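**Q** Using the sequences and the accompanying hints, generate a full structural model.
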Amino acid sequence: MYAYHLVYDIPSTHPKAFRVLVAYKNVYGSRFGGKPTPRTVLNGAGQLVIPGGSVTASDVITGGRIEFFEETGIDLRQATVRQQMKCVGDAWYRVLDQQYGAYCVYQRVQDAEFVESACNRNIQGQVPQDEELHLAQVYDASGVSKLFGPISLADLTSGWRGAQYNQLDAKNKELARKKSQDSGSWYVTAVQQLETAP
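Under the working numbering, the residue at position 114 of the sequence shown is numbered 114, and the numbers go up by one with no gaps.
It is possible that part of the hints are untrue.
To be verified - Lysine-lysine pairs mimicking DSS-like chemistry, simulated, CA-CA at most 25 Å apart:
#, residue 1, residue 2
1, LYS178, LYS146
2, LYS146, LYS179
3, LYS179, LYS35
4, LYS173, LYS35
5, LYS171, LYS35
Since the hints were derived computationally from the structure, they do not count as laboratory data. Only a predicted model underlies this, so the values are computations on that prediction, with no experimental measurement involved.
**A** Next up, the structure:
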């Protein structure tokens, strides 16, 4: 099963103007399960993503929360943490791809930027178990879909991505170029399904 976890808010000025918390993926990670590992090129290297991935949890919501915790250091399985993050109501989920068993878990919060700040503090402090995310960011849902998907070679090889890319050997550079071309279609579907929020 694949489970992604999308935190969102709804500004009071417009009841359908969702804002979503997404993140930029590192080109590689060197810490998984809280332990140092050899550099591993990540799926979606350098792309904008929704936290998540492959899980073995018995239910979708737990799976999405586990992935969110592993990548952001925020454990929404705990009621006290949900209270701290100002969660509104219960989490819910939708199917992203029936064939592959892909789902998105949604959690509404009062202020997505508050959660963004907590995520970024954790990422900068190397709190998450998995070193996958570079930076969390809040975007308006209406425009974020066009930001998902492949990135250009120029983007992959410059700025913070380029700093990571240049630390790879030739074989892993080639792999990073391939993995930076993932379609991002599940993320687009996840954001579009906010229109049917309960």
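**Q** If a hint holds in the structure, say so; if it does not, say that too.
**A** Here is what the structure says about each hint:
1. LYS178 <-> LYS146: holds (20 Å)
2. LYS146 <-> LYS179: holds (18 Å)
3. LYS179 <-> LYS35: holds (23 Å)
4. LYS173 <-> LYS35: holds (23 Å)
5. LYS171 <-> LYS35: The given pair, whose Cα atoms are some 24 Å apart, holds under the 25 Å limit.
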